[in-house]
Amino acid sequence: MEDTMIKEQSRMLNIEKIRKDFPILETTVYGHPLVYLDNAATTQKPLAVLKAMNEYYTTINSNVHRGVHYLSQRATEACEGARARVAEFIGARHVHEIIFTRGTTESINLVASSFGKKFLKAGDSVLVSGMEHHSNIVPWQMICEEKGATLKVIPIDENGELVLDGLDALLKSGVKLVAFNYVSNALGTINPAKEIIAAAHRQGIPVLLDAAQAVQHLELDVQDLDVDFLAFSSHKLYGPTGVGILYGKEEWLNQLPPYQGGGEMIKTVTFEKTTYNDLPYKFEAGTPDMAGMIGLGAAIDYVQGLGIHNIHQAENKLMEYALGVLGGIDRFRLIGSREHRAGVISFLVGDIHPFDLGEILDKQGIAVRTGHHCAQPVMDRYCIPGTVRASLALYNTPAEMDRLAAGIRKAVKLFG
Amino acid sequence: MSIQESQDEIIADFELFGEDWDEKYSYIIDLGKKLPPMEEQYKTDDNLIKGCQSRVWMHPEYKDGRITFTADSDAAITKGLVAMVIGILSGHTPKEIVDADIYFIDAIGLRSHLASTRANGLLSMLKQIKLYALAFQAKSLQS
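Protein sequence lines correspond, in order, to chains A and B. As numbered in numbering that gives the first Met the number 0, residues 0 to 415 make up the first sequence, in order. As numbered in numbering that gives the first Met the number 0, residues 0 to 142 make up the second sequence, in order.
Keep in mind that the hints were calculated from the coordinates and are not lab data. Certain hints may be false.
[What the hints assert, rightly or not] Label-pair ranges, simulated between beta-carbon atoms:
| # | chain 1 | residue 1 | chain 2 | residue 2 | range |
| --- | --- | --- | --- | --- | --- |
| 1 | B | 1 | A | 19 | 52 to 62 angstroms |
| 2 | A | 118 | B | 38 | 51 to 61 angstroms |
| 3 | B | 14 | A | 332 | 30 to 40 angstroms |
| 4 | A | 409 | B | 105 | 25 to 35 angstroms |
| 5 | A | 260 | B | 21 | 55 to 65 angstroms |
[As the list claims (entries may be wrong)] Over 10 angstroms on every C-beta distance to chain A, these chain B residues come out as not near it, computed from the model:
| # | residue |
| --- | --- |
| 6 | 11 |
| 7 | 30 |
| 8 | 36 |
| 9 | 38 |
| 10 | 47 |
| 11 | 63 |
| 12 | 67 |
| 13 | 94 |
| 14 | 98 |
| 15 | 99 |
| 16 | 126 |
Idealized CB from N, CA, C, for every residue including glycine.
This is chain B alone, in the form it adopts within the complex:
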């Protein structure tokens, strides 16, 4: 699935919930529960994302031209949001990630629903993913 298709799928899911915030949160929390576990060795301070009130670790792996992300968080909603972001961006090429237009956050009304600290954390997460992608892109151009 392309980055755009993954985003559209989430947007379609959220449209079903209407204004019901419980269901939106349940959905996000469930996504977090389904997130594949992250190996403990990657839960290092280096892998912590700055700008989150809860702790979020993210680890990228670059293989065969694609980046796979694993992640975890000590907070359930945060973990769900991480799962959502990773679900959309993981497994794509650095160029696809760097060029990706991330519009699902506004489209599903997350920005207005989430506490501003939470929304900022989400943006920090996205920024970090794009930075990783940029770094891998630069590396692949060098080699």
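Next comes chain A alone, as it looks inside the complex:
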């Protein structure tokens, strides 16, 4: 089984060759070769990304959009080039619909704050789902509290899928914006984004999609989804930390007031009145993370070079393989649905505490995450303290899934 898997995979993506692009995967942990399965927290970075960032600092480092001099213009070109690559990657109609932020969290906070300031009033509500990361709950809670609005929730079922029967009724209850994740970071569920967006649009309600766990696994097109806002992070897409993206439809971004004030986001400033810059700069106050933007551009090049479709296929096969070997473990309990999933395998084994299991896996060189994964409401839904989460990336192999399964068996024996 394993051999056929590897052969099938390598016909499309040569995983062994790909692994050489990620030097950190050579790490030895407690005498074992590292098995890195914490990719939903952050992915490792290929040499191409490191090289691009290094090149930026060694050849064109300079502040963007301001200088008349050569370096500044080169830096500006490189950063704007990265913006254009992001726009193309997610299928945005305009490059200026791409806003650079510090990460998904900041992207969501930006919309929550600016949209909330302008459009939310007492008695309104914001609709999220029951499987959101805290980053897609708390910013909405904060603005709702400020405006006297309420937060409503699309429930989830035992399989870890959204219950959409009551969606239309929920949408008609004063909802001004819907925010949900494309792929759940705690369960791996792929939500029917297009369907939910269409339902919201039938009521004239805009939608923000948290794609932090989606862009690295799925082909995604913002125009096809017809989504109004979309947020994701560079560091989960093989790019550097500290950079995120907010995509917004031009007509929405133009309506929103700026998020932060400062340099770059202005046109003219007098002590009486400031006029704001055009998109996208209106939302990019201060000097941005130039090296980070360029690193993200390089990460997108890398991913597109392999083909996100090929990555999706390879990861799906690996997921199937993993669920197969893990399913053979006595008292293995997958949390969430077997179907419609990407990236994440959230599980428990018997009554072993996830923290205990994670520690014994670590001792065998296997990096997983344990706990509530910043999604406490999901854990409450299942009445569990947390899960062990193994999350996959394009460089993981069937052999690593075997190591995971063997590692779990060893832990089961130890906890006996």
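With chain A held as given, fit chain B onto it using these hints.
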């Protein structure tokens, strides 16, 4: 057994394991299994130790000048660590506990072996025990 003797005994046990982490963990997990059960009425939020990723409850009882601790955890390794700490400190006077130099953690290499979140939890546990001891010491001085 004094606090020092109990620590030395654990250190001697761990020396037998050498670098074998399996055996160290087995030992810790076994200690947890042998921990006398804690009465359910004491598993309250007030008795939860903050700073642990798993839940740890600890309840002190002060009688005849000595503090006895009962404890439990929902995680096996944590429970073993609690058992170890309680085994060393339970049944001593507040002064002995307050003055105790706890050196076994470093001596058995737990700090380098345990995940940092786990080591922090262990320190939180020790801190809580010392706080209880301080409180009982203050109380006994008042009376």
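If any of the earlier hints don't hold here, list their numbers in rising order.
-> none
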